[in-house]
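Participant: Chains as they are written, first to last, in our numbering: chain F, 25 to 384; chain A, 807 to 1079.
Hint data in this document are derived by calculation from the structure and do not stem from the laboratory.
Hints are all accurate, no fakes.
Residues from chain F that face chain A, not an exhaustive set, calculated with beta carbons under 7 Å: (1) L251; (2) S252; (3) D256; (4) M263; (5) G264.
A short list of chain A residues far from chain F (calculated; beta carbon distances all over 10 Å): (6) F821; (7) P845; (8) I875; (9) D876; (10) A938; (11) M990; (12) M1024; (13) D1050; (14) L1073.
Glycine included, every Cβ here is placed at the ideal spot set by N, Cα and C.
Next come the chains, spelled out residue by residue.
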Amino acid sequence: MIRSIFAPLMVLLIAIGVHGLVGRYDDGYWINQLTIIGIAIILAVSLNIVNGFTGQFSIGHAGFLSLGGYLAGSLLYYGSVMFFQTRPEPGFFSFTQPFDRMDPTIVWWGIGDLFFLCVCLSAGLFAAVAGLIVGLPSLRLRGDYLAIVTVGFGEIVRILIESSQRQVPLSRLNRADGWDLVTGWGSAMGFNYIPKFGSLFWVYLFVGITILTAIRLKYSTHGRAYLSIREDEIAAEAMGVRSTRYKIQAFVISAFFAGIAGALTASSQGTINATELAFMKSLEIVVIVVLGGMGSVSGAVLAAVVLTYLPELLQAETFARYRLILYALVLIFVMILRPRGLMGTREVWDVFRRRRGVQG
Amino acid sequence: MTAAKLEVQNVTKIFGGLTAVRDFSIVVETGQLQGLIGPNGAGKTTCFNLLTGVYRPDAGKILLNGKRIDGRRPSSITSSGIARTFQNIRLFRDLTVLDNVRVACHLRARHTLVGALLRLPNHYRDEAHIRAHSIRLLERFGLLDRSEELAGNLPYGDQRRLEIARALATDPKILLLDEPAAGMNPAEKIALKELIRQLLKDFPVGILLIEHDMDVVMDLCDRITVLDYGQIIATGKPEEIQCDEKVIEAYLGCPAHSVEEAVQKDLERGTDV
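With the hints as constraints, model all of the structure from the sequences given.
Facilitator: Shown next, in the form of structure tokens:
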């Protein structure tokens, strides 16, 4: 019993710790950086469940990210007014700025925070349902068909959102009917003025949950079934592994966390734009997973941190335009020097265990 | 222990214009060891693929304990009690030896995905059970001291044995072995023969064995079925098969008497044979 609860409890404590410490001592720079890094970790680790564990190749992760982000955005923007009349104020845990800007009368935990949690989960579920719809037909096939379908899916999502109606301003909200709200996803302008709830607490809570899910999957009967599909689908079937079912399961779990990452993106930046979440964004996530090592959770985390913070470290202004060239070069070199990614299929702790084993 | 019976009735498989297997019938029961032999390309592995659901038969029936299993998915056929090894070894190379066997034990797990993610008590119970069972199997096959190694790094003979261990982990009633002795040296072959004999005593299975090594086949099998060009040309006890005209013809490419005549002529001419 204790071992089941210990890890989730640690996740909660770490999330509170990161939120408290960084919020207390930072002037805003690190809050922003750590948010971006955290979201990249969620995306990489969740994509790794499909690409790394089951060995399928999905390059449409940004599609699920967009879906989750826009659903969360519209729920927070329209929904908070519809459900609560006025916008609920974020409590302590959802405070996205340095603490010295905090109103001293702030509540620890308000209705707004609970609402935000529900929004995150519905964004995840929304993306998961989309994942199920995409996965059901395409995951029956073997080989590279999934890659093609997921590219198509990502583009469909982007184009659908870009051709949606303009966002309804809050001042005209009482005159708008339901259809305006459902279709009012901001067209190509993006969805803006989203209430900010996506604090470091929420980001790292979900980072922890994503990593914990991936690790617990990997070391369980269900996760081993995923890995066996990656290794040899025919042999896996011959061992009684229902491959289609497990592939869809992995795909849906992966989409769920991508949707949550979308909700966190929307509510931490206050804006989300599908145009920026196009094919290149999906590719970025794939690059992180490939670089980290297919199937290695710790490798994905490591690569997500490095590849997200590297451009920042190397002076974002001048560097940004060469980023894609660098990505290509990094990929080429990694594929030559370490064709299975930084970590291969192993985890950080496997490396240490092997060392100890050799010495002992 | 209930006896199981696999009945294959007049199964036919056609690829385009080629009839790979025609009217194939065989019965395998618990405790039996049947051999399936034939020249290269005779359709032996196709038969295995039909039995395990990789291919659907175009005609005929496959019954396990009287229930039809043809047309079902491979995973479903495995869960009903037929397991196999592969001619070209198909281990999960990047998983450890232990994990290879644990994957095959997964039908024993009763807990759901949620149980695994929340680490509910039934997850730990199933995992402990699966681990214990896998370790017992590995011990039985002499692979326990290699359990943490990656399967792809094992020596060839060990890989072959791991494939058998993995197939047995699914608790099969019928075990299909596709050329288990391929690529083994004589010492390994003798050990393998002993292992297979022992399996039959220790596990409640019937075995269907494809093998090119006549030594292994003739020593082990109770009955042998010979395939040529997708058709059964002979069935019987090893000693009957050995002197069957059609079998010798299939293997040597000409009738047995003509071989004898040729040998006789050569002898008469005084040339070396």
